[in-house]
Amino acid sequence: MFLRTRDQLSKFRKITSPKNQIIVKMTNLPGKILLAGLLLSCQAGFAQTITGHTAAFENTPNGKVVRAWYTAWEKADWNLLTHTLADGFTFSSPLDDHINLSAVQKRCWPNAGKFKSIDVEQVTMNGDDVVVIQHGNTTSGNYIRNLDYFKVKDGKIMAYECFFGPGINYPTNTGK
Amino acid sequence: MKITTRILLLGIFLSSQAVLAQPSQSATSQASLGPGGTTNGITVKAVRDWYAAFEKKDWNLMQQVLADGFNFSSPLDDHINLASFKERCWPNSANIKRVDVDKIVINGDDVVVITNGYTNAGKLFRNCDCFRLKNGKIAAYECFFGPGINYPNSGK
Numbered sequence: 001m002f003l004r005t006r007d008q009l010s011k012f013r014k015i016t017s018p019k020n021q022i023i024v025k026m027t028n029l030p031g032k033i034l035l036a037g038l039l040l041s042c043q044a045g046f047a048q049t050i051t052g053h054t055a056a057f058e059n060t061p062n063g064k065v066v067r068a069w070y071t072a073w074e075k076a077d078w079n080l081l082t083h084t085l086a087d088g089f090t091f092s093s094p095l096d097d098h099i100n101l102s103a104v105q106k107r108c109w110p111n112a113g114k115f116k117s118i119d120v121e122q123v124t125m126n127g128d129d130v131v132v133i134q135h136g137n138t139t140s141g142n143y144i145r146n147l148d149y150f151k152v153k154d155g156k157i158m159a160y161e162c163f164f165g166p167g168i169n170y171p172t173n174t175g176k
Numbered sequence: 001m002k003i004t005t006r007i008l009l010l011g012i013f014l015s016s017q018a019v020l021a022q023p024s025q026s027a028t029s030q031a032s033l034g035p036g037g038t039t040n041g042i043t044v045k046a047v048r049d050w051y052a053a054f055e056k057k058d059w060n061l062m063q064q065v066l067a068d069g070f071n072f073s074s075p076l077d078d079h080i081n082l083a084s085f086k087e088r089c090w091p092n093s094a095n096i097k098r099v100d101v102d103k104i105v106i107n108g109d110d111v112v113v114i115t116n117g118y119t120n121a122g123k124l125f126r127n128c129d130c131f132r133l134k135n136g137k138i139a140a141y142e143c144f145f146g147p148g149i150n151y152p153n154s155g156k
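Here the protein sequences come in this chain order: X and H.
Counting from 1, one number per residue, gives the positions in the first sequence under our numbering.
Counting from 1, one number per residue, gives the positions in the second sequence under our numbering.
Source of the hints: derived by calculation from the structure; they are not laboratory data.
Values in this document were obtained by computation on a predicted structure and should not be read as measured data.
Where hints are given, some of them may not hold.
Among the chain H residues that face chain X by a calculated CB cut under 10 Å, a handful are [what the hints assert, rightly or not]:
| no. | residue |
| --- | --- |
| 1 | 75 |
| 2 | 147 |
| 3 | 148 |
For glycine and all other residues, C-beta sits at the position ideal for the given N, C-alpha and C.
When you get a sec, could you build the whole thing from the sequences and use the hints?
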């Protein structure tokens, strides 16, 4: 795999962020705490249809639970993460085939807290399907750009699948 | 797949928007037909023809669904243009036996498709394809890699 220079990455991000998209930076701590509060107090998720790239993303139950997912990974907050998940949750990626929660904790959770930032670039929502293109940097400065597919059920994440884009894919990837 | 079956399938593709818009029986694809999805079938048709072009190795059909200024991205391609797409990516079509659509999520001009593709040798490539449509044609495409060999000619 190739690695991009900073200039190349800057160009890539610029091109992939047209004016009509909203870049949602998740770096505001009070906002995150409020988000977590909303998540924990509002379990009444319902299906919704969103128009626009990220329009109303933050104001929907499914959007909130997905935002909380990213917050949990950024802050390495296992308790918050588990509150976003439905019973029987499965995690998939090119390296993980529908693994369960305990396997996630063992295999994937070591990546938590190693994200400097996670920027939600594009959200495509339809009912209980939420697709997020996100990019960011690890605490060691490596670039990650992935696509995440969430299947939500009753306001909680039933299934997650990650598809890899350019970059190192995940923070603890020592193969890149 | 037998040639007769493939021709029949192509006929179904070209004659029935309903079939095109329902690639599977999942709630996902059915939901994509709702008020938030594309209901006029035009944008869906462009995406379905994208896959049909790869399966049929039909460059003429492919060109018809692409908007002016089309660009192609993947973990290996950073917004390459049509000429580069033809040179670098189109040769993969020769090694594609079938592409099955697993899920479609539509939001305005954004169409996200998760597919399970199979090479002539039966190898799996499961990817997520993001299409940005403009006036019913594909203005931009970005591929994200799932499990499998990523793309037919990857050498894996």
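Hint-by-hint comparison with the structure:
Given hint, residue 75 of chain H at the interface with chain X, holds; its Cβ is 5 Å from that chain's nearest Cβ, closer than 10 Å. The restraint placing residue 147 of chain H at the interface with chain X holds, with a minimum CB-CB distance near 5 Å, inside the 10 Å limit. Among the interface hints, the one on residue 148 of chain H holds; its C-beta lies about 8 Å from the nearest C-beta in chain X, closer than the 10 Å criterion.
Consistency note: the structure conflicts with none of the earlier hints.
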